[in-house]
Structures are given as C-alpha cells and as structure tokens.
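All chains should be modelled from the sequences, with the hints used to inform the complete structure.
Heads up: the protein sequence lines correspond to chains F and V, in order. Here the first sequence is numbered in the working numbering, starting from 1 and rising by one per residue. Here the second sequence is numbered in the working numbering, starting from 1 and rising by one per residue.
Check before you lean on any hint, since a few could be wrong.
Since copy identity is lost for identical chains, a pair holds within one copy or between any two.
With a straight-line Cα cutoff of 20 Å, these simulated EDC-like cross-link-like pairs (lysine to aspartate or glutamate) come out [unchecked claim]:
no.	residue 1	residue 2
1	Lys138	Glu62
2	Lys50	Glu100
3	Lys82	Glu100
4	Lys83	Glu131
5	Lys51	Asp126
In short, the hints are calculated from the structure, not lab data. Keep in mind it's a predicted model, so treat the numbers as computed, not measured.
2 protein chains.
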Amino acid sequence: MKRTPLDTMNCSIARTLDIVGEWWTLLIVRDVFMGIRRFEQIREDLGISKKVLTDRLNTLVERGILKKVPVERGFEEYRLTKKGIALHDVLVAVRQWGDEWEAPNGAPIELVHECGHVTHARLVCDCCGEEVTAHSVKPQPGPGAKKKTSSRR
Amino acid sequence: MKRTPLDTMNCSIARTLDIVGEWWTLLIVRDVFMGIRRFEQIREDLGISKKVLTDRLNTLVERGILKKVPVERGFEEYRLTKKGIALHDVLVAVRQWGDEWEAPNGAPIELVHECGHVTHARLVCDCCGEEVTAHSVKPQPGPGAKKKTSSRR
Numbered sequence: 001m002k003r004t005p006l007d008t009m010n011c012s013i014a015r016t017l018d019i020v021g022e023w024w025t026l027l028i029v030r031d032v033f034m035g036i037r038r039f040e041q042i043r044e045d046l047g048i049s050k051k052v053l054t055d056r057l058n059t060l061v062e063r064g065i066l067k068k069v070p071v072e073r074g075f076e077e078y079r080l081t082k083k084g085i086a087l088h089d090v091l092v093a094v095r096q097w098g099d100e101w102e103a104p105n106g107a108p109i110e111l112v113h114e115c116g117h118v119t120h121a122r123l124v125c126d127c128c129g130e131e132v133t134a135h136s137v138k139p140q141p142g143p144g145a146k147k148k149t150s151s152r153r
Numbered sequence: 001m002k003r004t005p006l007d008t009m010n011c012s013i014a015r016t017l018d019i020v021g022e023w024w025t026l027l028i029v030r031d032v033f034m035g036i037r038r039f040e041q042i043r044e045d046l047g048i049s050k051k052v053l054t055d056r057l058n059t060l061v062e063r064g065i066l067k068k069v070p071v072e073r074g075f076e077e078y079r080l081t082k083k084g085i086a087l088h089d090v091l092v093a094v095r096q097w098g099d100e101w102e103a104p105n106g107a108p109i110e111l112v113h114e115c116g117h118v119t120h121a122r123l124v125c126d127c128c129g130e131e132v133t134a135h136s137v138k139p140q141p142g143p144g145a146k147k148k149t150s151s152r153r
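Take a look at the structure:
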C-alpha cells in the first residue's frame, strides 16, 4: 500500500503515527526500553528480517528517537535519546489498554512502581491532579492551529 | 509488505499494535472522539479511499472498538464502545508526545480539563499517586506470562 505522508496533517497524533505508527517501530522502542539494544538481539526477539529492522532502526535514528553508541569489541548498541525516553507514556498507555482488552490470560508483564506496588498508571491533569478522561476534557485550537479553517487537526 | 501477526506475541503492546498500529486506524478513532462519525465525513477528513476506510472501519467494528448505529433518515454513525473509549489514554499520550517533539509551531489542539485549565496530562501510580516514568517502574512477569522462558513479552 502506498503510504500517505501523515506529517502534512496539522495534527500531533498524525505526526506521531507517521514516525511510530508502523507495526514494528514501537516494538523496537519497547525492546530498547527493556535492555535489548543490539541489532542481532532485537532481530532475534522480534523475528523480523534484517532489511526491515535496518530500515526501521535507521528511521528511528534519523528522527532522533534512538542513537547508535559504540560499546566494547567493536559492537554497537542502540540507546534511547531524550525524545525516545519521552515515548514511555505512549508505551505504558498502549500496554495497559492491551492488558485490559486483549490479554485473556492476564497481563504478560506488570510494572512495579518505585513505591513497591504493581502499578496501573492513571492520567491526571498537571494543574488540578484530577483524572483526565474522554469525558473530562474538551479540545480547543492551540497555538499551532492553522489560521484557515481546516477539518484536519 | 506482508503483515506478520503480532497478536501471536505474548505482549500487550504487540497485541494492541496489531489492532491500532496501522497508520489510519488511530486517526479514525480520533475522528470519532471529535464527533466526526459518518463514513463520508471521516473519508473527507482523512482524505483516504473508500476501500481503505471501509476496511479499517470493519476491523474496528469486528474488534469491538466501534459500533455502527442507525440515526435519522437511514444514515449510520460510528460510535465508540467502552473498549474504544478506553483508547483515550493512548490518544492523549500520542498527542502529547507529538505536541512536544513534532509540533514546531506549538500544539494544533489543546485539551481543556474540566478544572478550567489547558491540561498536560501526567501518568501517576494508582497506588501512591507519584509519577510513573521510565525510571520509576521495573517490569516483572505478570499472570499472563508464558510459563517457559521466552524473550517475547
């Protein structure tokens, strides 16, 4: 299927999906978060071809999400940049939705918070601390909204 | 590209991406959240072919994320199910990452919380209320972990 450039839409969701919306990309980021950082390790873990993995890793490096770092004996590792680490919230949200709706045997992985308990993260407002849900927020045009009326946001 | 079935991996991230990891799928869900609910409205907003949109909408209905509801004059609308509404956290996390890292002119859309302020949602632990970050959580096998050791999680 021909890919339509989502980054031309003036929408932060579309722009993000343009980078990480491909099936493998977010799984590669997940692997690096889990400490799987070398090309062959990632390839083995995901079971994908060298060509696809090379392509996805190059995109992630170009877009500033991963960086390649030389380690001992001529090996190289992929590490998360600050922009890559910022994807943690996305991974947590995606994982929790899957745990709730697509994991008939229960969560394959749990996250233990530094408070010592298995955590289910909640989204709260940075202003009042109350929950952010579909019913508690309303969208409005932001500073980056297009001047002319456009249905794409 | 031939699609590899991600839902065979015992990982809630992979299973979620198997459903919503396709470029258009999450944008369709976004549109329905924003009140764009009819086939022609969604098609016009996203600028995609009837064939692709029909395919994606059918998948979303089959997987229980959207439901088709008859409205006046023989029209039909797509509405979010409970499972679909639960994707709100994913959309908020994706939007915020895009606003921070891929929106050079600022956020195209802001979310106003019911407290009256533009919100930047934070992920907090449901147990202690402190922030959930890449550095404050550690993964451990959950109830749905495979018995035998597997590197796919």
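In rising order, the numbers of the hints this structure does not comply with: 1, 2 and 5
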